[in-house]
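For chain Z, the structure is supplied; the task is to place chain A on it using the hints.
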Amino acid sequence: MLAKRIIPCLDCKDGRVVKGIQFVSLRDAGDPSELAEVYNREGADELVLLDISASREGRATLMDTVHRVARQLFIPLTVGGGVRTLEDALRLLGAGADKVAVNTAAVENPALVEELASRFGSQAIVVAIDARRQSAQNSEEPARWNVVTYGGTQDTGIDALGWAQRVEGLGAGEILLTSMDADGTKNGFDCELTAAVSQSMHIPVIASGGAGEPEHFADVFLRGAADAALAASIFHFEEHTIRSLKEYLEKQGVPVRLINHEA
Amino acid sequence: MIAVLDYGAGNVGSVLKAVQYLGYPAERVDRPELLARAEKVIFPGQGHFAAMMTALRARCFLGALRDILQSGTPFLGICLGFQALYEASDEAPESPGLGIFSGRVQRLTGIFKVPHVGWSQLEIERPSRLLSGIAPGSFVYYCHSYYCPATHESAAFTEYGQRFAAAAEAGNIFAVQFHPEKSGDVGLKIFRNFLEL
Chain Z
76 MLAKRIIPCL
86 DCKDGRVVKG
96 IQFVSLRDAG
106 DPSELAEVYN
116 REGADELVLL
126 DISASREGRA
136 TLMDTVHRVA
146 RQLFIPLTVG
156 GGVRTLEDAL
166 RLLGAGADKV
176 AVNTAAVENP
186 ALVEELASRF
196 GSQAIVVAID
206 ARRQSAQNSE
216 EPARWNVVTY
226 GGTQDTGIDA
236 LGWAQRVEGL
246 GAGEILLTSM
256 DADGTKNGFD
266 CELTAAVSQS
276 MHIPVIASGG
286 AGEPEHFADV
296 FLRGAADAAL
306 AASIFHFEEH
316 TIRSLKEYLE
326 KQGVPVRLIN
336 HEA
Chain A
124 MIAVLDYGAG
134 NVGSVLKAVQ
144 YLGYPAERVD
154 RPELLARAEK
164 VIFPGQGHFA
174 AMMTALRARC
184 FLGALRDILQ
194 SGTPFLGICL
204 GFQALYEASD
214 EAPESPGLGI
224 FSGRVQRLTG
234 IFKVPHVGWS
244 QLEIERPSRL
254 LSGIAPGSFV
264 YYCHSYYCPA
274 THESAAFTEY
284 GQRFAAAAEA
294 GNIFAVQFHP
304 EKSGDVGLKI
314 FRNFLEL
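Taken in order, these protein sequences are the chains called Z and A. First residue of the first sequence: 76, per our numbering; consecutive thereafter. First residue of the second sequence: 124, per our numbering; consecutive thereafter.
Be careful, since some hints might not be right.
Unchecked claim - Simulated crosslink set (DSS-like; lysine-lysine; CA at most 30 Å straight-line):
1. Z:K261 <-> Z:K94
2. Z:K326 <-> Z:K88
3. Z:K261 <-> A:K236
4. Z:K326 <-> A:K236
5. A:K236 <-> Z:K88
6. Z:K326 <-> Z:K261
Unchecked claim - To spell it out: a stretch of chain Z is covered by chain A in this simulated footprint if at least three of its residues, at any positions, have a beta carbon under 8 Å from a beta carbon of chain A; those stretches are:
7. 141-154
8. 169-179
9. 220-234
Keep in mind the hints are simulated off the structure, nothing from the lab. Just so you know, even glycine gets a beta-carbon here, dropped at the ideal spot from N, CA and C.
Next comes chain Z alone, as it looks inside the complex:
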């Protein structure tokens, strides 16, 4: 049995976790390594760290952040945000990341995916796809999603499903699929998008965007055929712990990895 993975996401800016952290149990709610430690203890299956620093100075702190987060972490760590070259990926992997996520740079230069996969192996390459639903001309038409880049500001006109299949062929090891329509709404994942992509690929698909309630996770696993689900604020605010979410999912018949602390 393969467990469905729950992946908390740390959005980091200038070495600090942003996007409203409100952990009463932490000394310093914005410290990425402290938060990583909490999530690890609660049973996170993996961690994703996305750098959203806009400045060069902010980016320079990323290596230090990755190093500090990875030091005492023994679950997979994916790092993304601004990865544009083989050298960027090499530095992140050297600092302790297990996988790097590429997004805009892959769309602009698909050969980068192939280059990264042949240098580091597919298991180290996650392609992040931000998708936005296209309005249908009539109700008969199948749903379509376009790839958007630069944090959702540019519509590339590229079909998200076709792009996902293309990067699989180029050697991507996993897809991190974010619905730009659902992101930030807390109204649930886009299960239709997730299922369309996941059921057409042989590599795992991580669903992202829209998590607000435990029911949303059950939905994206059972209806959306997601292999993993990523969320940030639902965990940061201690609305739901990873453990309580997994206990809920297990009751719904979703296979999850529950850990006990006696071991």
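Using the frame of chain Z, we list chain A on its own:
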């Protein structure tokens, strides 16, 4: 000194980190002559079977590895480092393995998503020193497209498409298909069992 074998492609950094975290002196070893003074050897593998065997041969590691395997020095193979102990792999039929375990490593079939990426449970088949204190059904982290068939030395199994060897143990030789360095507390416990031998 705990030698972590570096042939240029494995996930050496995270294995070193785990061993050092547990308080043991670990060193990255990229020359075969350094293996002889190791108390224990860990062989983490990753990537393609043919590329691994070619790199081992190019760096003259094959003879040193055979010596270690025969010498009684505790040896732990991880992922592709487990597969290397079989006679051959379907991933690269022209590159023979080390032939410690009989049989051929085969491609995962019977399931839609390959590679097998993520956390799966261990079925512990028989008592072993490596898995001592690990509860049956514990989850460990996998990332592989090829699997090791059952042999007399298999100690634990996992089911994904088919049932395959998750861990093996024969004298001084230990091997796991999963990644203990990415398997949280369960993985650290397995490393500690090996390091305390």
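**Prompt:** When the hints from earlier in the document are held up against this structure, which numbers fail?
**Reply:** As far as the earlier hints go, 2, 5, 9 are violated by this structure, in ascending order.
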